[in-house]
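Number of protein chains: 2
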Amino acid sequence: MGRVLLRVAYDGTNYNGWQVQDNGRTIEGELNRALTDIAGEEIVVIGASRTDAGVHALDNIAVFDYDGPLPADRFMYALNARLPEDIRVQNSYEVTSDYHPRKRTTIKTYEYSIYSAKVELPIVSRYSYHTFYSVDVEKMREAAKYLVGEHDFKSFCNVKTSATTTVREVVSIDIDVKGSMIVLRISGKGFLYNMVRIIAGTLLEVGRGALTPEDVKKILDGCDRTLAGPTLPPCGLMLMSITETEDENSNISDEECVD
Amino acid sequence: MGRVLLRVAYDGTNYNGWQVQDNGRTIEGELNRALTDIAGEEIVVIGASRTDAGVHALDNIAVFDYDGPLPADRFMYALNARLPEDIRVQNSYEVTSDYHPRKRTTIKTYEYSIYSAKVELPIVSRYSYHTFYSVDVEKMREAAKYLVGEHDFKSFCNVKTSATTTVREVVSIDIDVKGSMIVLRISGKGFLYNMVRIIAGTLLEVGRGALTPEDVKKILDGCDRTLAGPTLPPCGLMLMSITETEDENSNISDEECVD
Numbered sequence: 001m002g003r004v005l006l007r008v009a010y011d012g013t014n015y016n017g018w019q020v021q022d023n024g025r026t027i028e029g030e031l032n033r034a035l036t037d038i039a040g041e042e043i044v045v046i047g048a049s050r051t052d053a054g055v056h057a058l059d060n061i062a063v064f065d066y067d068g069p070l071p072a073d074r075f076m077y078a079l080n081a082r083l084p085e086d087i088r089v090q091n092s093y094e095v096t097s098d099y100h101p102r103k104r105t106t107i108k109t110y111e112y113s114i115y116s117a118k119v120e121l122p123i124v125s126r127y128s129y130h131t132f133y134s135v136d137v138e139k140m141r142e143a144a145k146y147l148v149g150e151h152d153f154k155s156f157c158n159v160k161t162s163a164t165t166t167v168r169e170v171v172s173i174d175i176d177v178k179g180s181m182i183v184l185r186i187s188g189k190g191f192l193y194n195m196v197r198i199i200a201g202t203l204l205e206v207g208r209g210a211l212t213p214e215d216v217k218k219i220l221d222g223c224d225r226t227l228a229g230p231t232l233p234p235c236g237l238m239l240m241s242i243t244e245t246e247d248e249n250s251n252i253s254d255e256e257c258v259d
Numbered sequence: 001m002g003r004v005l006l007r008v009a010y011d012g013t014n015y016n017g018w019q020v021q022d023n024g025r026t027i028e029g030e031l032n033r034a035l036t037d038i039a040g041e042e043i044v045v046i047g048a049s050r051t052d053a054g055v056h057a058l059d060n061i062a063v064f065d066y067d068g069p070l071p072a073d074r075f076m077y078a079l080n081a082r083l084p085e086d087i088r089v090q091n092s093y094e095v096t097s098d099y100h101p102r103k104r105t106t107i108k109t110y111e112y113s114i115y116s117a118k119v120e121l122p123i124v125s126r127y128s129y130h131t132f133y134s135v136d137v138e139k140m141r142e143a144a145k146y147l148v149g150e151h152d153f154k155s156f157c158n159v160k161t162s163a164t165t166t167v168r169e170v171v172s173i174d175i176d177v178k179g180s181m182i183v184l185r186i187s188g189k190g191f192l193y194n195m196v197r198i199i200a201g202t203l204l205e206v207g208r209g210a211l212t213p214e215d216v217k218k219i220l221d222g223c224d225r226t227l228a229g230p231t232l233p234p235c236g237l238m239l240m241s242i243t244e245t246e247d248e249n250s251n252i253s254d255e256e257c258v259d
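Residue numbers (the working numbering), protein chains in the order written: chain A, 1 to 259; chain B, 1 to 259.
The list cannot tell twin chains apart, which means a pair is met if one copy fits it or any two copies do.
Below, computed lysine to aspartate or glutamate pairings styled on DMTMM-like, alpha-carbon distance capped at 25 Å: (1) 178 with 59; (2) 145 with 174; (3) 118 with 94; (4) 217 with 169; (5) 145 with 169; (6) 118 with 85; (7) 218 with 138; (8) 217 with 176; (9) 189 with 169; (10) 218 with 174; (11) 118 with 30; (12) 217 with 152; (13) 103 with 73; (14) 118 with 37; (15) 118 with 59.
Worth flagging that the hints you see were computed from the coordinates, not collected in a lab.
Kindly generate the complete structure, drawing on both the sequences and the hints.
Following this line, the structure appears as structure tokens:
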């Protein structure tokens, strides 16, 4: 029995998220269907980040067990021949049989893209959130500093979370500007449900002047979701990478829900 | 009677090009419909670049005549409230009544994006052409030099062109690389039908080693469409800008067909 790892990129626009649901197509569902077709027996993947409906990914990870004749490195080709065009396996290779993508200590990096202009731009609207407001990026950077580090992010978590603890470590938040596009790049050791989208929504409130950078410190300390800004829409969110860290002490449970 | 100019951005994926056709939705058709709705009388725009089916634009130009009460600068809002989401008027303002967008000397800049990797990437596939080949960009740059300047581009023109002359001036070709994405930026005083997509297809043949840079000189001199590379698909092409030049001697006829 071998375990195979898939590196998966997708445009999440037309999917009801990663995880198999009663209703709607999902990334996991499409992978399971294609793998079952290849293997001739039911295969169910385990994903690293269970991204929400409409969220995109450059490099999500899934693993599955397989003991048939197809070499691990051929799965990418067999899968891409069977998957819809908006899901593409970028690589496939064998890992050890105890490899569980949600029980490893990793740094996940997400980007949230905000397009700030008086009119929407069609060619960016599929992968960004449009705001009519002009945005003070320096103020957003000031506010972001309060969020870096290990904190209780209860204020920045969907109240429907099933997480046993709302303490998480944000490793870095960088904010780049290119023309009218503002890109928040957030790295952390696991995120709470909707956490990146609520952080983006709160920092945008700061950028447009509805909150001060210091308010973000108060929101964090308040541990109350109603204090923070809105959850921005999923289209602006992209899972960029999942990187293994040296540190082997993962304290993030398997029940963690990810943005 | 006033003439109003529109700066129009669109995702061309779902359109049968700019120009009104017997079949299918077009950018011009959507503008005419929305303007007629606003004005209460039939309005037909004149476009600067009649982009082909599936081609995108950041900044195309259209003008129309109107003598009603709505100020020119309000048309952008009235139109965006009525247009499909994948067309957005970025600006609207009054111009002189003799302003004809295809009878002015302008520099048009197009970008053609080629994604070179062993697997497609869903989040870029809407706006780029995927090639499995690895590409030697330096060789493409060498080849591109032969195309800059005033030449007979008959080899780089769809044989169905109605143009009276196939002589055009290419002002510059720059090729940028960002990761696996290769972006050809081509500026010129008007282009022939499919010219940018055939140039991109021919330069890609050079990049992958099927042609030498010197072959491009021979192809240009041969004045025969069958010598050049393939017409790359429209999804990779984007009209970036149309800039007025000092030079008032336009020799590009109104019948010109544009990529």
